[in-house]
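Since chain A is already given, all that's left is putting chain B on it; use the hints.
Listed below, chain by chain, are the residues.
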Amino acid sequence: AQSVAQPEDQVNVAEGNPLTVKCTYSVSGNPYLFWYVQYPNRGLQFLLKYITGDNLVKGSYGFEAEFNKSQTSFHLKKPSALVSDSALYFCAVRGTSTTSGTYKYIFGTGTRLKVLA
Amino acid sequence: DAEITQSPRHKITETGRQVTLACHQTWNHNNMFWYRQDLGHGLRLIHYSYGVQDTNKGEVSDGYSVSRSNTEDLPLTLESAASSQTSVYFCASSELLAPGYNEQFFGPGTRLTVL
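In order, the protein sequence lines correspond to chains A and B.
Residue numbering for the first sequence is 1 to 117, as defined by the working numbering.
Residue numbering for the second sequence is 1001 to 1115, as defined by the working numbering.
Some hints here could point you the wrong way.
[Stated by the list, open to error] Sample of chain A residues with no beta-carbon within 10 Å of chain B, all distances over it, derived: (1) G62; (2) S70; (3) L82; (4) K104.
[To be verified] Chain B regions said to be covered by chain A (calculated; three or more residues, Cβ under 8 Å): (5) 1039-1046; (6) 1106-1115.
Rather than coming from a laboratory, the hints here were simulated on the basis of the structure.
Predicted, not measured: the structure shown is a model, and the values here were computed from it.
The beta-carbon is built from N, C-alpha and C at its ideal position, and this holds for glycine as well.
Only chain A is shown next, with the shape it has when bound in the complex (with noise of 0.2 Å):
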């Protein structure tokens, strides 16, 4: 079955160390990674995204993700939290439908990243 876990409902850091918000997934075929930050009563935005090359993606507002094939997974992680930082964050992968065929998006459950001043 196709499916993106994010084993963590909140995550809370100190501001100025580092962040890590977990991502495994579960996808047959080469896996299309992505992570997507929600701030209060808005959208989804896009951070960055995995599709193939060097294991280690960097992103929007110094966000980076570590690709890792034998985990199957895609851990969002930046080496400095900022307050501003705090949102909801959702990793999501490619899948395919079941029943046309065609590709679709599957989100995980979201975290919710809070960082303490």
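Just chain B now, with coordinates in the frame of chain A:
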């Protein structure tokens, strides 16, 4: 600047009424999507379209319909609103090339309450 807009931003309706949520994008993207966001479920795909006259069902399509008569718009219709359809609805679009390869651009959302 190109954008994706949704209207209305907030809607309260009654059980059994037909409701249409509008989505308009000026990115000239061929791919458009409708999701609902509920606590504990993340985003779930309702319907999607890869171009004019093309529509496909997502994982939670029962009770919803869409039509695609032009590139810019993908309205979502709730045929007979139910309380279980109270949710926040997001429209998204992405470029044509290799659906699933490119990131999606999201609208600001519509908060729908069905009483």
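A quick look at each hint next to the structure:
| no. | hint | verdict |
| --- | --- | --- |
| 1 | G62 | holds, 18 Å |
| 2 | S70 | holds, 23 Å |
| 3 | L82 | holds, 22 Å |
| 4 | K104 | violated, 6 Å |
| 5 | 1039-1046 | holds (count 6) |
| 6 | 1106-1115 | holds (count 4) |
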